[in-house]
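> Protein sequences, first through last, are from chains A and B.
Each residue of the first sequence is one higher than the one before, starting from 1 at the first, in the numbering used here.
Each residue of the second sequence is one higher than the one before, starting from 1 at the first, in the numbering used here.
Hints were generated in silico from the structure; no laboratory data involved.
Mixed in with the good hints, there may be bad ones.
Said to hold, decoys possible - With a straight-line cut-off of 25 Å between C-alpha atoms, the simulated BS3-like cross-links for lysine-lysine are:
id, chain 1, residue 1, chain 2, residue 2
1, B, K157, B, K194
2, B, K184, A, K87
3, B, K607, A, K144
4, B, K251, B, K411
5, B, K354, A, K87
6, B, K325, B, K447
7, B, K250, B, K354
8, B, K649, B, K257
9, B, K326, B, K305
Here's the letter readout for the chains.
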Amino acid sequence: MAKININGRVVDVTVEPDTPLLWVIREQIGLTGTKYGCGVAQCGSCTVHVDGVATRSCALPISAMTEAQKIVTIEGLSPNSSHALQKAWLANDVPQCGYCQSGQIMAAAALIAQTPNPTDADIEREMTNICRCGTYNRIKTAIKQAASAARG
Amino acid sequence: MNAIDLSRRNFLVSAGAATGGLSLGFHVTLGEATGQGVSPEVNAWVVIRPDDKIVVRVGRQEMGQGTLTGLAQLVAEELDADWSKIETEYPTPGQNVARKRVWGDFATSGSRGIRNSQDAMRKGGATARAMLVQAAANEWKVAASECSVDKGVISHKGSNRSTTFGKVAQAAAKLEAPADVKLKDPKDWKIAGKPLLRLYQDGKVNGAQVYSIDFKIDGMLNAAIRDCPYWGGSLKSFDASAAEKMPGVKKIVRIDKNAVAVVADTWWRAKTALEAIKFDYDPGPHGKLDTAGINAMLDEGLTAKEAFVGNQSGDVEKALAGAAKKIEATYTFPYQHHATMETMNATARWTADKCEVWTSSQNAEAALATASQAAGLPLDKCDVVRMDLGGGFGRRATSQDYVRQAVLIAKEMPGTPIKLIWSREEDMLHGCYHPTTKCKLTGALDKDGNLVGLHMRISGQSILATIRPEALDKGRDMATFQGLNAGGAEGKLGYTIPNLLVDHAMRNPPLRPGFWRGVNNNQNAIYLECFVDELAHAAGVDPLEFRRRMMKEHPKHLAVLNAVAEKANWGKPAPAGIYRGLCQHMGYGSYVAACAEISINAQGTLKIHRIIAATNCGHAVNPAQIERQIEGSFAYGLGPLLMQEITVKDGKVVEENFDTYPILRMAEMPSVESIIAPTNDFWGGVGEPTIFAAAPAVLNAIFAATGKRIRTLPIGAQDLRRA
Numbered sequence: 001m002a003k004i005n006i007n008g009r010v011v012d013v014t015v016e017p018d019t020p021l022l023w024v025i026r027e028q029i030g031l032t033g034t035k036y037g038c039g040v041a042q043c044g045s046c047t048v049h050v051d052g053v054a055t056r057s058c059a060l061p062i063s064a065m066t067e068a069q070k071i072v073t074i075e076g077l078s079p080n081s082s083h084a085l086q087k088a089w090l091a092n093d094v095p096q097c098g099y100c101q102s103g104q105i106m107a108a109a110a111l112i113a114q115t116p117n118p119t120d121a122d123i124e125r126e127m128t129n130i131c132r133c134g135t136y137n138r139i140k141t142a143i144k145q146a147a148s149a150a151r152g
Numbered sequence: 001m002n003a004i005d006l007s008r009r010n011f012l013v014s015a016g017a018a019t020g021g022l023s024l025g026f027h028v029t030l031g032e033a034t035g036q037g038v039s040p041e042v043n044a045w046v047v048i049r050p051d052d053k054i055v056v057r058v059g060r061q062e063m064g065q066g067t068l069t070g071l072a073q074l075v076a077e078e079l080d081a082d083w084s085k086i087e088t089e090y091p092t093p094g095q096n097v098a099r100k101r102v103w104g105d106f107a108t109s110g111s112r113g114i115r116n117s118q119d120a121m122r123k124g125g126a127t128a129r130a131m132l133v134q135a136a137a138n139e140w141k142v143a144a145s146e147c148s149v150d151k152g153v154i155s156h157k158g159s160n161r162s163t164t165f166g167k168v169a170q171a172a173a174k175l176e177a178p179a180d181v182k183l184k185d186p187k188d189w190k191i192a193g194k195p196l197l198r199l200y201q202d203g204k205v206n207g208a209q210v211y212s213i214d215f216k217i218d219g220m221l222n223a224a225i226r227d228c229p230y231w232g233g234s235l236k237s238f239d240a241s242a243a244e245k246m247p248g249v250k251k252i253v254r255i256d257k258n259a260v261a262v263v264a265d266t267w268w269r270a271k272t273a274l275e276a277i278k279f280d281y282d283p284g285p286h287g288k289l290d291t292a293g294i295n296a297m298l299d300e301g302l303t304a305k306e307a308f309v310g311n312q313s314g315d316v317e318k319a320l321a322g323a324a325k326k327i328e329a330t331y332t333f334p335y336q337h338h339a340t341m342e343t344m345n346a347t348a349r350w351t352a353d354k355c356e357v358w359t360s361s362q363n364a365e366a367a368l369a370t371a372s373q374a375a376g377l378p379l380d381k382c383d384v385v386r387m388d389l390g391g392g393f394g395r396r397a398t399s400q401d402y403v404r405q406a407v408l409i410a411k412e413m414p415g416t417p418i419k420l421i422w423s424r425e426e427d428m429l430h431g432c433y434h435p436t437t438k439c440k441l442t443g444a445l446d447k448d449g450n451l452v453g454l455h456m457r458i459s460g461q462s463i464l465a466t467i468r469p470e471a472l473d474k475g476r477d478m479a480t481f482q483g484l485n486a487g488g489a490e491g492k493l494g495y496t497i498p499n500l501l502v503d504h505a506m507r508n509p510p511l512r513p514g515f516w517r518g519v520n521n522n523q524n525a526i527y528l529e530c531f532v533d534e535l536a537h538a539a540g541v542d543p544l545e546f547r548r549r550m551m552k553e554h555p556k557h558l559a560v561l562n563a564v565a566e567k568a569n570w571g572k573p574a575p576a577g578i579y580r581g582l583c584q585h586m587g588y589g590s591y592v593a594a595c596a597e598i599s600i601n602a603q604g605t606l607k608i609h610r611i612i613a614a615t616n617c618g619h620a621v622n623p624a625q626i627e628r629q630i631e632g633s634f635a636y637g638l639g640p641l642l643m644q645e646i647t648v649k650d651g652k653v654v655e656e657n658f659d660t661y662p663i664l665r666m667a668e669m670p671s672v673e674s675i676i677a678p679t680n681d682f683w684g685g686v687g688e689p690t691i692f693a694a695a696p697a698v699l700n701a702i703f704a705a706t707g708k709r710i711r712t713l714p715i716g717a718q719d720l721r722r723a
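With the rest of the complex left out, here is chain A (with noise of 0.2 Å):
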């Protein structure tokens, strides 16, 4: 038994200790908007926030975690598509097939809270999740667009 804290609600999850969160989001707590991609914490289609951190979650043990840390995924990130990136994520039309788009997301909503104001070079550095699409120019408009509108 361990207790999460994930978008804002304490849960009670029953697994071996070796289960990554990411199967715990997916299977115990049921939201699947965090993807399985790889399994060894390459592609980042598994991001999601531990403590404003961008971590993929598919390699990370339930048993490093702790009731204090506070896990955010992309159901979490904001009621009804509200958050900056998003909007403009739907603005450029970024997707594609869209499974890697969580990941992306969540991933650029840590950078921008670190670094408001990114450069390409921030955001080449920091990105490095995987699409197969190929949806890069997009995701880099996207995310300049939304930091500057975040910074008013």
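Once you have looked at the hints, place chain B on chain A.
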């Protein structure tokens, strides 16, 4: 879209309970399923709800390429509908079978989504419009020809009356469909041809979109699988004594002789238990196969006597013998993996008289046939619910092997829905790999530097020989010659070369090949376009001018090449440190060209700054989505150029995950400038054609920068410092 709603409900909710326009029952035709007086089906393509919502049924599959939006635009255009009222839904393949394939071919590959469906769907829209207008005219007792339609509102000017599609849809559905309808001239398009935003984006930014890997149904269990990793090998035995006792494990089954699946309450537990099983394999006849061995096989083919002829004119031997200058080069293109972000998966429920499957496939009809065969049940006792795809790129078109496995596992637990998910490792080891080929090119230049003879000897794996042997032409795989053909609307060679021979020594290693975005055009464009660049330099002629001399009879190929050259200021000096390369090619009915701009620093690090790309796809149904496809195709197509390669050792694939099979990421992505130049006189493809223009243009630019010819891909660690 409605397929998502479907997944959230029980698939077998009774047809009468469905309030929308979609049949949820087995083999209840969609029209009946809509319920009397609820949402009339005007025809197979168009359902109109009383609230004026229009549901467009789409046979082809959306997988990120925008086909769903484009096809809906075409139907909405012919309807004169209000775009904001358009929704779409996927008929199931079972429904297609039951209605004599009224929605045509579901296969979504070969960049056919729009070009091979546009005629039937536009007619579907135009027919529905005519019936709706007739219904209004009947009610008003006026001539249909006096009525007009704007944004779903039908008006009769003479009597100043108007009504909406939703109000007359029921009456329209009862009318006889007109035999002949006139389609709009594309120059009059108001919805089609416009850069509209894609449908259903919201669920992709908030996590709500349900892919088949996310599918849930009451009582469902999860399965992880391991199939024999050796190509041609077999499973001798396995020891599951430890795995059986692990938490959550419900059953361990061996299917298709060589695969073992663990069924558990959660997928993570199934996968963990699978890893505790000890497997004993016989690597089989190819147990010692490696990449060097495959390369040796291909090298032999480069000079073999026997080869299938793909394109031939004049006398190439004579031309080479009499050449003022003879140039020769050999290129190599390695195996590639699709690496869709969503790994293969399917959910199946089997009983003695019914088999249901929920999955993401590029060809739901093939998935249905696969399910039927695996289930041991006739087609009309099976159906496949089409779920959204986390990437296709040809993998989910080539083989429905994951559907077969899910059904076979479900068959071991009758009545229990089983969701099978492949781990990334399983996915990498059981791909449908883009085949490896080599090409030896020999060119003859005359004393004026004109190309008077060319022999292209391709050696390597045929996709069709394994995947679709019935499509071979007396053993020959014509798909091997994509883009190098003498004629045809699909992929015609864009040069006039008086003496030409393009032939193929088929050498088939045991790895399963597959259709990988762009398919054989990827390497064929590299082979030809890089060699043309070599010839131009050998002739001392500008590469653009060298090409133009051979393109007088190929105006459409030339037009896109000219467009990129003009936009790139070809012929004028590039900014300091920037070097350019060109490419033109034709595939999937479309003409494409690219100009790459790169730099290489003193350490030999390549930076691709910009690629200017032009496409003439005939009709541009949604220019914004075409632009996205151009960019996306480059991200996919530059991977094999820069870093991606599948290798083989001891009879199996070496690369099992993204740590060893690196994928192009944002930092490597160039900026892309698109020129969409439709000539409006044919229907060409969009999803694939531009992919093959990027890599040759970059390779030619690398030569311009360094004087080095990279002829073996990927570039990887090859030294790019100036020679």
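> Decide, hint by hint, whether the structure agrees.
Checked hints:
Taken as a hint, the B/K157 and B/K194 pair is broken in the structure, with Cα atoms around 29 Å apart against an allowance of 25 Å. The straight-line distance between the Cα atoms of B/K184 and A/K87 is roughly 35 Å, outside the 25 Å bound, and the hint therefore fails. Of the supplied pair hints, the one linking B/K607 and A/K144 holds, its CA atoms being roughly 22 Å apart against a limit of 25 Å. At most 25 Å may separate the alpha-carbon atoms for a hinted pair to count; B/K251 and B/K411 meet this at roughly 12 Å.
Taken as a hint, the B/K354 and A/K87 pair is broken in the structure, with Cα atoms around 44 Å apart against an allowance of 25 Å. About 8 Å separates the Cα atoms of B/K325 and B/K447, which keeps this hinted pair within 25 Å; it holds. For the given pair, B/K250 sits about 23 Å from B/K354 by alpha-carbon distance, which is consistent with the 25 Å threshold. Distance restraint check for B/K649 and B/K257: the Cα-Cα separation of roughly 23 Å lies within the 25 Å cut-off, and the hinted pair is therefore satisfied.
With a CA separation close to 21 Å, the supplied pair B/K326 and B/K305 stays within the 25 Å bound.
In terms of the numbered hints stated before, the structure departs from hints 1, 2, 5, listed from lowest to highest.
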